[in-house]
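Residue numbers (our numbering), protein chains in the order written: chain A, 1 to 282; chain B, 1 to 282; chain C, 1 to 311; chain D, 1 to 311.
No lab work stands behind these hints, which were simulated from the structure alone. All the given hints hold, so there is nothing to weed out.
Examples of chain B residues lying across from chain D (beta carbon under 10 Å, computed): (1) 24; (2) 60; (3) 70; (4) 113; (5) 249.
Every residue gets a Cβ at the ideal spot worked out from N, C-alpha and C, and that includes glycine.
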Amino acid sequence: MPASLCVVPDSIFAGTSRQPSIHEVEARVKTHEWVNGQYRLLVLAAPASVLDCEPGQFFHLLCPQTDRFQPYLRRPMSIYSYDQMKGELAFLYKVTGTGTGAMAELKPGESLNIVGPLGQGFEIRPEWRRPLLVARGVGLATLAPLARECAQLGRPLTAICSARSPDLLMSTDLFRSCGAEVITVTDTDGTSSVENLTALIEGLIHSRGIDAFFTCGSARLLRMLQEIAARHGIGGQAALEQHMACGIGMCQACVRPFRREDGAATLRVCREGPVFDLQEVL
Amino acid sequence: MPASLCVVPDSIFAGTSRQPSIHEVEARVKTHEWVNGQYRLLVLAAPASVLDCEPGQFFHLLCPQTDRFQPYLRRPMSIYSYDQMKGELAFLYKVTGTGTGAMAELKPGESLNIVGPLGQGFEIRPEWRRPLLVARGVGLATLAPLARECAQLGRPLTAICSARSPDLLMSTDLFRSCGAEVITVTDTDGTSSVENLTALIEGLIHSRGIDAFFTCGSARLLRMLQEIAARHGIGGQAALEQHMACGIGMCQACVRPFRREDGAATLRVCREGPVFDLQEVL
Amino acid sequence: MVDLTTKIGTLTLKNPIMPASGTFSEELAEVFDLDCLGAHVAKTITRAKRAGNPVPRVCEVNGAMLNSIGIPSKGAEWFLKNIVPFYADYEAPLVISISANTADEFAHFAEEVGVPGVAAIEVNISCPNIEDDGKAFAMRPGPTRDVIRKMRSATDLPLWAKLSPNTGEVVEVAQAAEAAGADALVTANTMLAMAIDSRTGRVRLGNVMGGLSGPALKPIALRMTYQCARAVAIPVIGCGGISTVDDVLEYLIAGARAVQIGTATFISPTTMPRLVRELEQELERRVLPSVDALIGTVDNADEAITLAEYA
Amino acid sequence: MVDLTTKIGTLTLKNPIMPASGTFSEELAEVFDLDCLGAHVAKTITRAKRAGNPVPRVCEVNGAMLNSIGIPSKGAEWFLKNIVPFYADYEAPLVISISANTADEFAHFAEEVGVPGVAAIEVNISCPNIEDDGKAFAMRPGPTRDVIRKMRSATDLPLWAKLSPNTGEVVEVAQAAEAAGADALVTANTMLAMAIDSRTGRVRLGNVMGGLSGPALKPIALRMTYQCARAVAIPVIGCGGISTVDDVLEYLIAGARAVQIGTATFISPTTMPRLVRELEQELERRVLPSVDALIGTVDNADEAITLAEYA
Ligand SMILES: Cc1cc2nc3c(=O)[nH]c(=O)nc-3n(C[C@H](O)[C@H](O)[C@H](O)COP(=O)(O)OP(=O)(O)OC[C@H]3O[C@@H](n4cnc5c(N)ncnc54)[C@H](O)[C@@H]3O)c2cc1C
Ligand SMILES: Cc1cc2nc3c(=O)[nH]c(=O)nc-3n(C[C@H](O)[C@H](O)[C@H](O)COP(=O)(O)OP(=O)(O)OC[C@H]3O[C@@H](n4cnc5c(N)ncnc54)[C@H](O)[C@@H]3O)c2cc1C
Ligand SMILES: Cc1cc2nc3c(=O)[nH]c(=O)nc-3n(C[C@H](O)[C@H](O)[C@H](O)COP(=O)(O)O)c2cc1C
Ligand SMILES: Cc1cc2nc3c(=O)[nH]c(=O)nc-3n(C[C@H](O)[C@H](O)[C@H](O)COP(=O)(O)O)c2cc1C
Ligand code: FES
Ligand code: FES
Numbered sequence: 001m002p003a004s005l006c007v008v009p010d011s012i013f014a015g016t017s018r019q020p021s022i023h024e025v026e027a028r029v030k031t032h033e034w035v036n037g038q039y040r041l042l043v044l045a046a047p048a049s050v051l052d053c054e055p056g057q058f059f060h061l062l063c064p065q066t067d068r069f070q071p072y073l074r075r076p077m078s079i080y081s082y083d084q085m086k087g088e089l090a091f092l093y094k095v096t097g098t099g100t101g102a103m104a105e106l107k108p109g110e111s112l113n114i115v116g117p118l119g120q121g122f123e124i125r126p127e128w129r130r131p132l133l134v135a136r137g138v139g140l141a142t143l144a145p146l147a148r149e150c151a152q153l154g155r156p157l158t159a160i161c162s163a164r165s166p167d168l169l170m171s172t173d174l175f176r177s178c179g180a181e182v183i184t185v186t187d188t189d190g191t192s193s194v195e196n197l198t199a200l201i202e203g204l205i206h207s208r209g210i211d212a213f214f215t216c217g218s219a220r221l222l223r224m225l226q227e228i229a230a231r232h233g234i235g236g237q238a239a240l241e242q243h244m245a246c247g248i249g250m251c252q253a254c255v256r257p258f259r260r261e262d263g264a265a266t267l268r269v270c271r272e273g274p275v276f277d278l279q280e281v282l
Numbered sequence: 001m002p003a004s005l006c007v008v009p010d011s012i013f014a015g016t017s018r019q020p021s022i023h024e025v026e027a028r029v030k031t032h033e034w035v036n037g038q039y040r041l042l043v044l045a046a047p048a049s050v051l052d053c054e055p056g057q058f059f060h061l062l063c064p065q066t067d068r069f070q071p072y073l074r075r076p077m078s079i080y081s082y083d084q085m086k087g088e089l090a091f092l093y094k095v096t097g098t099g100t101g102a103m104a105e106l107k108p109g110e111s112l113n114i115v116g117p118l119g120q121g122f123e124i125r126p127e128w129r130r131p132l133l134v135a136r137g138v139g140l141a142t143l144a145p146l147a148r149e150c151a152q153l154g155r156p157l158t159a160i161c162s163a164r165s166p167d168l169l170m171s172t173d174l175f176r177s178c179g180a181e182v183i184t185v186t187d188t189d190g191t192s193s194v195e196n197l198t199a200l201i202e203g204l205i206h207s208r209g210i211d212a213f214f215t216c217g218s219a220r221l222l223r224m225l226q227e228i229a230a231r232h233g234i235g236g237q238a239a240l241e242q243h244m245a246c247g248i249g250m251c252q253a254c255v256r257p258f259r260r261e262d263g264a265a266t267l268r269v270c271r272e273g274p275v276f277d278l279q280e281v282l
Numbered sequence: 001m002v003d004l005t006t007k008i009g010t011l012t013l014k015n016p017i018m019p020a021s022g023t024f025s026e027e028l029a030e031v032f033d034l035d036c037l038g039a040h041v042a043k044t045i046t047r048a049k050r051a052g053n054p055v056p057r058v059c060e061v062n063g064a065m066l067n068s069i070g071i072p073s074k075g076a077e078w079f080l081k082n083i084v085p086f087y088a089d090y091e092a093p094l095v096i097s098i099s100a101n102t103a104d105e106f107a108h109f110a111e112e113v114g115v116p117g118v119a120a121i122e123v124n125i126s127c128p129n130i131e132d133d134g135k136a137f138a139m140r141p142g143p144t145r146d147v148i149r150k151m152r153s154a155t156d157l158p159l160w161a162k163l164s165p166n167t168g169e170v171v172e173v174a175q176a177a178e179a180a181g182a183d184a185l186v187t188a189n190t191m192l193a194m195a196i197d198s199r200t201g202r203v204r205l206g207n208v209m210g211g212l213s214g215p216a217l218k219p220i221a222l223r224m225t226y227q228c229a230r231a232v233a234i235p236v237i238g239c240g241g242i243s244t245v246d247d248v249l250e251y252l253i254a255g256a257r258a259v260q261i262g263t264a265t266f267i268s269p270t271t272m273p274r275l276v277r278e279l280e281q282e283l284e285r286r287v288l289p290s291v292d293a294l295i296g297t298v299d300n301a302d303e304a305i306t307l308a309e310y311a
Numbered sequence: 001m002v003d004l005t006t007k008i009g010t011l012t013l014k015n016p017i018m019p020a021s022g023t024f025s026e027e028l029a030e031v032f033d034l035d036c037l038g039a040h041v042a043k044t045i046t047r048a049k050r051a052g053n054p055v056p057r058v059c060e061v062n063g064a065m066l067n068s069i070g071i072p073s074k075g076a077e078w079f080l081k082n083i084v085p086f087y088a089d090y091e092a093p094l095v096i097s098i099s100a101n102t103a104d105e106f107a108h109f110a111e112e113v114g115v116p117g118v119a120a121i122e123v124n125i126s127c128p129n130i131e132d133d134g135k136a137f138a139m140r141p142g143p144t145r146d147v148i149r150k151m152r153s154a155t156d157l158p159l160w161a162k163l164s165p166n167t168g169e170v171v172e173v174a175q176a177a178e179a180a181g182a183d184a185l186v187t188a189n190t191m192l193a194m195a196i197d198s199r200t201g202r203v204r205l206g207n208v209m210g211g212l213s214g215p216a217l218k219p220i221a222l223r224m225t226y227q228c229a230r231a232v233a234i235p236v237i238g239c240g241g242i243s244t245v246d247d248v249l250e251y252l253i254a255g256a257r258a259v260q261i262g263t264a265t266f267i268s269p270t271t272m273p274r275l276v277r278e279l280e281q282e283l284e285r286r287v288l289p290s291v292d293a294l295i296g297t298v299d300n301a302d303e304a305i306t307l308a309e310y311a
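Let the sequences and hints guide you as you build the complete structure.
In structure tokens:
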């Protein structure tokens with residue numbers, strides 16, 4: 001896509017007061033490593049314009065054309081980390097199909113066209129003093145910047161990391177470095193079942209005074225948390241996924257139904273989300 | 001095109017007497033260098049099956065998909081050299097557009113899918129004892145293996161190499177190494193005009209006893225040679241180009257009109273050619 | 001200075017680049033200044049609230065996309081109150097796109113939406129005509145003539161008829177739209193297509209079938225643009241698979257007076273401002289004084305040749 | 001052992017992979033043993049000698065090609081004498097493809113070509129009908145019915161009607177062909193398209209317009225295959241943009257009983273034997289006993305949804 005390699009300079013806005021908040025920029029690959037057998041960590045050198053991010057936001061990535069893979073649409077990826085000082089932006093992603101397969105071929109020094117930051121991030125409400133993060137799969141990537149934010153805000157944090165097997169557990173060190181208490185559960189250990197987790201979490205509510213849930217990466221865990229939260233009157237948020245085309249809010253591809261006061265609402269995951277109120281998710 | 005990277009082994013013919021003569025194979029890039037500002041020399045390690053070639057034949061190349069270029073159809077390229085002993089096949093090509101642009105990105109060790117050898121090569125008739133090669137542009141590539149063949153057959157050879165400027169003259173060393181007398185003419189020198197060349201060639205006919213013309217790469221030179229040849233009763237052949245789809249003879253994309261005893265005939269450049277009788281070309 | 005303006009009937013656009021309906025919205029203002037565009041074209045609306053189609057609503061095919069968004073609509077009232085005012089801040093004219101179930105409904109709707117701030121109405125006649133067994137209006141000249149004629153009597157706003165590539169009679173449909181009073185044609189909407197996940201056997205769109213857009217559509221929509229530009233006197237606006245300035249040039253050369261950019265904006269949200277800039281540069285490079293100088297300049301060796309021999 | 005056979009009416013093919021007309025010829029025997037194919041389908045012939053179209057006859061567009069080869073033909077006599085005997089050496093049945101200017105000419109021609117060695121006739125009704133103002137027969141149900149009915153009376157050979165994606169009424173055309181006695185449908189021929197060289201302003205095909213084939217056509221032809229397979233009882237043969245085994249699976253799942261491979265053979269001349277092999281492997285992997293077990297198994301959550309909502 002040579003077309004998209006040409007980026008419109010912000011100067012196109014010169015003379016108007018309207019400032020763009022979403023940017024299409026080229027970012028250079030700094031490092032690109034396998035984290036385990038399925039996930040890769042991509043660290044980009046990105047301009048400051050796109051680094052004014054919030055945890056839970058995402059970017060829309062133009063995966064390259066390669067001899068093996070020719071993706072067409074962009075691919076949405078949660079921000080794994082962003083650092084304005086270092087000018088760094090990172091994604092932790094699972095190599096799944098055409099797009100991520102093409103992305104996996106990127107080498108340090110090569111360039112990736114990214115659009116963002118996009119969507120509504122997590123909100124740590126003032127009254128949420130003792131958050132619990134429950135993550136599985138890509139959720140371990142999505143919740144990572146939230147852990148950093150909690151640390152900055154001085155909120156003591158507990159994180160439950162779930163995975164199929166211990167080798168697929170990611171970000172646990174990152175969570176720990178944010179001062180989080182990390183609890184890992186896996187399918188192979190038999191510790192990741194809904195029953196087990198429900199007991200575990202109810203225990204944490206009592207022992208730690210958990211008053212907010214944040215989750216991403218598993219519909220099963222989401223339902224479970226909705227149920228526990230409703231029972232204990234606990235608030236929270238969930239980051240969702242949906243197939244996207246534009247990522248900006250124009251095409252209405254990414255809709256999902258949500259529970260709202262005035263009945264069911266159809267909202268765009270890319271625009272009104274990807275983070276939603278825990279109980280609104282249907 | 002992952003599809004086409006999978007090659008059917010010849011064993012599919014086991015149990016039948018029909019033997020394939022055209023092969024689709026993966027060839028590995030050995031070297032790939034710029035020859036001048038426009039042309040690159042691509043040397044491939046190729047299996048013996050495709051190295052039973054004749055000068056003037058061509059291959060159909062599946063140029064890779066790259067981030068900048070996504071060619072679809074194959075690209076026809078004359079064989080620049082083939083060497084069964086070394087297992088080598090080479091192409092000398094001009095970086096022109098999408099396909100050759102993609103090809104130019106190939107790196108040593110990478111693989112290129114090739115189909116061939118294709119078409120009818122040059123025929124050095126027994127009575128053609130003193131051939132003259134007249135080449136320009138890509139013709140310098142196409143006529144190279146013919147020079148080698150002439151050397152092997154012990155035919156003293158004269159080659160006129162024409163180019164826009166001296167730096168675009170190619171293959172002259174190769175022609176010389178085949179024992180050819182090499183005459184270079186260029187536009188910048190003002191030596192490449194039809195008038196100049198006509199005089200030059202008529203001189204060679206008298207001084208060297210030239211009795212056959214071989215040409216490729218310029219419609220202007222072709223017309224000139226037809227005219228001189230007709231005047232002197234000299235035979236010869238020309239290699240032609242035409243836009244192709246299949247390269248094998250199935251699609252009838254590559255037709256051109258030819259003069260035949262029974263009137264004009266429409267022939268396929270990929271199948272009945274690319275080498276044709278000099279005077280049949282219309 | 002190159003003159004980038006182009007006239008679509010009574011409207012003069014400052015350049016020939018505008019978005020295609022359904023691939024553009026207010027949110028794009030967060031990416032670039034929308035006033036760099038020749039016009040703004042809104043997503044098709046219906047009079048009443050509608051839900052649109054089940055997900056998945058999009059999928060990717062070889063170098064193109066399918067969508068079955070449908071026409072989710074918050075209704076005309078909401079649109080006029082919330083969306084039209086947003087565009088009032090811009091110089092670029094606002095073109096709204098409307099859909100309805102019958103020719104009469106189209107006409108009533110056209111009348112209602114003729115509010116200040118709306119510069120033209122694009123008529124999405126690729127939607128099903130419930131009076132013609134659900135066949136889209138744009139499939140046949142008769143229903144097309146009918147719907148445009150009724151709308152023509154109902155509004156003074158310019159009417160742009162958006163044609164469908166699914167018809168086998170595009171020239172007849174184009175001429176019918178012109179005869180009935182359309183001010184311009186847009187060629188074209190998406191082409192009906194389908195994809196199946198070969199692994200699961202499941203259809204890849206919630207709606208089973210959907211519309212093909214993006215580069216794969218270009219040769220088809222370009223052909224329609226060429227056919228229509230030769231068959232009618234009103235301006236034709238090219239649309240389908242445009243993502244590079246070469247694509248824009250192809251459409252202009254084929255006879256389009258302007259172009260709409262759809263799916264390319266999804267691939268690169270800065271496509272439209274880039275195309276405006278590159279078109280200007282390209283005209284300068286060719287020492288052409290204006291966009292007009294390029295329109296319809298296609299060189300087709302043999303005029304007489306038609307579809308006849310192509311198969 | 002997986003059963004790869006498939007029945008197209010009275011013909012049993014040893015596997016569902018065959019070439020598409022115009023993209024196959026005797027020369028391919030120099031690449032692989034043609035007997036690995038389910039059938040052989042020859043390039044369309046006309047009764048009289050014909051020249052075909054001016055060059056350039058092909059060009060490449062985004063991930064697909066356009067062709068305006070036309071139907072250069074050395075005439076039926078030459079074909080029957082020189083080409084039919086070539087295929088007699090093979091077990092795979094020979095399907096010839098014919099074209100004519102009127103329904104009656106089609107019928108006479110069908111009678112003449114019914115020689116030993118010809119197993120079926122593919123009817124290329126995408127060619128212009130000079131009795132319908134040059135519109136292709138396959139554009140409308142009426143002319144399709146007419147031409148197939150007349151051919152049906154003229155020959156006992158199986159008749160395969162090859163449909164065009166250019167019609168807006170593919171289901172009606174398919175049903176007309178079936179009602180008139182066609183034994184199978186082929187969906188589909190190329191889609192009318194165009195390309196312009198933006199640098200020179202010249203059309204990129206000698207014939208101005210030409211047919212789109214290759215991957216870009218797949219979502220369109222797959223949709224037609226799905227629509228036709230649901231609308232008729234006779235076998236449907238899928239064709240359009242197939243190059244991978246996943247493409248083959250998609251068509252079979254959509255309801256095709258066999259598939260034709262066209263442009264992919266130009267990109268990789270060994271495509272067809274590769275697909276035969278990979279299809280067998282894939283059925284084994286899925287522990288399916290036969291091709292039949294896959295045909296028409298598409299899972300479309302909601303049967304009731306139709307074209308209605310797609311735009
Ligand atoms: C807001 C958001 C944030 C995400 N963050 C991450 C992340 O941090 N790490 C990570 O590994 N994955 C993340 N995903 C999922 C990721 O987008 C998909 O795994 C990826 O698009 C798969 O593309 P593919 O071409 O490799 O797979 P394919 O299966 O070949 O994709 C085919 C098509 O389906 C779409 N698709 C497939 N899976 C998903 C999915 N789960 N969500 C949305 N679209 C999908 C693709 O975008 C593509 O258009 C996120 C998704 C969303 C919506
Ligand atoms: C038999 C034969 C032998 C050839 N040998 C050589 C050679 O040894 N060295 C060399 O540099 N070139 C050779 N050519 C020309 C070479 O095939 C083209 O330069 C090349 O296809 C251009 O592709 P592109 O995508 O880079 O250019 P583009 O202009 O982007 O090509 C667009 C399309 O036009 C076709 N095309 C463009 N130019 C030609 C042409 N001259 N002949 C046929 N098709 C063309 C391409 O194949 C492609 O399908 C040969 C051509 C033929 C027919
Ligand atoms: C997601 C999506 C939604 C669309 N919605 C509409 C619509 O509401 N009304 C309409 O007339 N066309 C709609 N279209 C068609 C586009 O306006 C355009 O005609 C088509 O996509 C071809 O252009 P492109 O290839 O540049 O995308 C839509 C297209 C897409 C991809
Ligand atoms: C070069 C070329 C020539 C063709 N000639 C014919 C023909 O003579 N008769 C016919 O019915 N279809 C013809 N077709 C159409 C193909 O048979 C096929 O229907 C179409 O190409 C779609 O399949 P594909 O995408 O696999 O190529 C031709 C296609 C191509 C590309
Ligand atoms: S992806 Fe387009 S609206 Fe969300
Ligand atoms: S390129 Fe197909 S016949 Fe020559």
